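> Listed below are the residues making up each chain.
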Amino acid sequence: MRSPRDVRGAGGKNRGRLRAGFPWLTLRGSSAAFAVLCLLAPSATRAQAGNTADVALHRALELEGSNKCREAIPLYRQAAQVPDPTGAVLGLERCYHMIGRPDSLLPLLDTLFVRKPADPTLRVIQLRTLSTVRDDRGLVQAFEQWVGLDPREPAPYREYARILLDMGRALAADSVLKTAVEALGSSRELSAEFAQMQAALGLWVPAARSWREAGMHLPYLEQAAVFSLFAAPVALRDSVRAVMREPPISLGARRILAGLEVRWLAPREGWAALSALPPSDTVIRVWTEFAAEAEQAEAWLTARDAYAQAFHARPADRGLAVRAATAAMSGGDPASAVELLTTLSGLADSALASTVTLLRVRALGLLGRAAEAESLVTVSGEVLDDATRRQAHRALAWAWIREGDLARARQSLAIAGGDTEEGERVSAWIALYEGDLKTARAGLRRTDESSNDVVTAMALLSRTRAESARDVGEAFLALARGDTARAATLFGAAAQSVPDAAPFLLGTSARLHLAANDTASSISLWQLILSAHADAPEAAESDLEWARVLRRRGDTAGAIERLEHLILTYSESALVPQARRELELSRGSIPPVGLASGRSVIAAGAPPAFKNTGTRSQLPNPAISGRIISPHVCT
Amino acid sequence: MSVPDVFRRSIPALFGLVALVLAPTLAAAQHLIVPMDDEQTNALKAYGLTFNALRDGNKAEWLLNYRGGSFLLPDDAELRRRATLDGVKVIPITNADLAALRTEIAGANMDAVSLERAPKMAIYKPLKSPPWDDAVTLALKYAGIEFASVYDEEVMNGDLSKYDWLHLHHEDFTGQLNKLYLGFRDAPWFIDQRESALATARKLGMPNVPALKKAVAEKMRQFVERGGFLFAMCGATETLALAIAAHQTDIAGSFADNTPIDENADQKLDWERSFAFRGVHLEPSAFVNSMSDIDGHQVNVPGRRQPLGQFSLFQFSAKFDPVASMLVQNHRTVIADFYGVTTSFSRATIKQGVTILAQEEGAPWTKYIHGDYGKGSWTFLGGHDPEDPQHNIGAAPTDLALHPMSPGYRLILNNVLFPAAKKKPLKT
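One line per chain: the protein sequences are A and B, in this order.
All the letters of the first sequence, read from the start, carry residue numbers 758 to 1392 under my numbering.
All the letters of the second sequence, read from the start, carry residue numbers -9 to 418 under my numbering.
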């Protein structure tokens, strides 16, 4: 910094002229310059100090990132000497915790409170630190100090209650929130904390009410509400649902309910909660987001309905129709996919048009409407690019397979270019359906698909050395055409013509009969396998599946007999662990699946235990009455 | 040569002939070892296999400290069948192998204890409650060991004399229903429980639930005194002791019996009658979910709760202290701790002469204790469920098929089997 002398010495010529004309200006100019410098000096000092603090903070962050917390601490402390020390103090909190000395932060916080007594972040850090070191008395005092600064400020109550909840002290949090209601006059600002406290105490219905209220004002808490209420026992879920559905209809409450239903494995109910909402831009966005969530949960048909409803409300967004159709296809409902896609015509976007055409061809193929699909491919030829056209012809090949017309399937495949990897795969399938096992064996060996049909086909082809078997082909074709009952019969019959794979074919037939609910035929086949092919791998599976059928029928003794036979006869089978588990369930040696805890009285690490029944304790909603019955005096 | 001479000279030949005839039979006579170390695939069901072998009239032996406390069973087709069905590993051995094994046992801190007769088991629990609430009934169901259920009426009618072994779990014998009244007095399940207990009390001529439970506790004390075996876990350990000591003192809150707790209750408790404890300080407040200072962990008192650690089993002389040895047989020495309404037993409250079977190193509490009382004996194990350390509300019951080698559950099953032992213990 230049001294006043330096200023006077500078710019000599001008000074001379000035002195001549304006001698008082020169003196004043010097003084003014000096005064300006004096004014600027503290700012410059502060600026320099701030820069130093910034540097210290950045350096401390680097050291902390390299796990050098002890070296970072002095730099954080240096960085805390600025008007806003938040970043530095948070860094100190982390570092002191890492080295096991969290209490070392407390004296610094006391110092900082002198100049920033009501800083909420510093206050929260203090409460967190006191809870970490288990200084319960200090925690109470710190809270009381904070509240004392402004008794009508909700933040102290909110933060203290949250910390108590994190410590598992839900009853103490209850007492704090009760005090807050008395001081603030209402619980509105603290509805989320009430909700969490009530959920922690197992008061699910009051918690649902509190979350509903919180969701009205703070939409970002919806996920927190879902997470909190998800643990509600099965017996109380209807009560929670009733709260969320109460009038007036609240978007937040409905979103919470929809999220819960997806997690409770009832996505259809979740959609029912949202579908009743009158459409608006916000609601359409909610529908679309829900549809995506349903897709994540593989609730395809629910996702379809949500996308479809969004599309009907916003017909200009054709992409919604495509997503709905895609979800429909994934959910095994090509008919609704066709219906949705048919409404889309005259698409200007060629990429979208290609996608729609391909989807329609696939859907029509699955419905067995191959001629219609072929006509569509012909008509849409100009719209489709080469790659999509080939895909469409391959889809068409599958459509003809499902109609049972293998010749036309080959024609479509030829147009698609059968020399690609995908084409070769389809060709191998066609060979299988024609009974040409040799060609099928060579072609399917290279596939990386893992569907049930592929696994079955490859298992058969590896079990037998036969090169051709027309009835095996017919059986697989029946399966591809979705005719399970006919496929089951054909597989059973094919066992005679392919003796080296007979147990496999009989086992497959039994499985298909079971899928078609024809347990009598399944049992006959299992009996045949166990008597005529006792050494085959399918024998153990037959015992197991037979036992499962008997158990479902309530014939526990019969199930036990089969399971014991399996374990004793095929003790090396990979199915023995499953069989043992089924045996234990049949004998009642282990709890049935999905059983909730009953009478248990212990509540280790939580409030005292209680039994979950249909109606919970009738504690009033504090949001309504402001009173909470707290059995424990904790603060 | 005289006839006696002929006879004398032919004796060796005769013996040889007999041995030749019997040799195939002798060589085929086999036994089954049920190892209980890490080679075993299902230790919990191994107890059931042994117990049911005794029940069916077989003899068995418990090979203390040999491969984790293995069992020796006869080589029987039915036992092999059950072992296969249950997934229990068994190893057939010949007599020669057995002889070598016995030599090994003789020369080490091991012993072979004969197990004579399967004890008759009773579990004290409300008759309608399912077996999944209680770690012991879970273990017995899983191991396939039969048991009878008894509750207050059966105990007061003298039915305990039909049994050799009695288990208690989380019953509150002080009659205060685990002090849940103030928090849950309006809850339907609580009202059910209380009304049911009151109805039984009235039926048996008692004025209130504390009086009923004290009377039941007294019957249990007499059961042990007369030669019974008692195994208690969780809150039953502490509350049984308090109820027995308080046979002439009111220690129940007024919410339970409409009279306040005796002001000088601590001084008036008669610890001479107690199995395990002395000098205990009662927790008089109805607002504090704790019974006394017996429990070291105080899990349901937020300000006092202690964190869980691990506990170590003590080793005993198998030859001179077979009872204690039996109770600690395990393939692990250090076991993760688990909470219960009563998790542990403060050292300061334990009587002299009580055998400490396991404790947490450096902690002022013990985990597993045993002692004699009259002609019988008792064992207390703190905690609720060894494979559910926190036991949160609403959690599914423990599926022991997922814990077939649980060291904690082995301690429970040690208690089930040890009353079958023939030998009278010789204490060090």
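Hints listed in this document are in silico derivations from the structure and should not be mistaken for laboratory results.
Heads up, some of the hints might be wrong.
Once the Cα atoms are required to be at most 25 Å apart in a straight line, the calculated DMTMM-like pairs of lysine to aspartate or glutamate come out as [to be verified]:
{"#": "1", "chain 1": "B", "residue 1": "K79", "chain 2": "A", "residue 2": "D893"}
{"#": "2", "chain 1": "B", "residue 1": "K309", "chain 2": "B", "residue 2": "D256"}
{"#": "3", "chain 1": "A", "residue 1": "K873", "chain 2": "A", "residue 2": "E850"}
{"#": "4", "chain 1": "A", "residue 1": "K873", "chain 2": "A", "residue 2": "D893"}
{"#": "5", "chain 1": "B", "residue 1": "K79", "chain 2": "A", "residue 2": "E850"}
{"#": "6", "chain 1": "B", "residue 1": "K79", "chain 2": "A", "residue 2": "E1321"}
{"#": "7", "chain 1": "B", "residue 1": "K412", "chain 2": "B", "residue 2": "E351"}
Computed from a predicted model, the values in this text were never measured in an experiment.
> Enumerate the violated hints, using their earlier numbering and listing them in ascending order.
1, 2, 5 and 7
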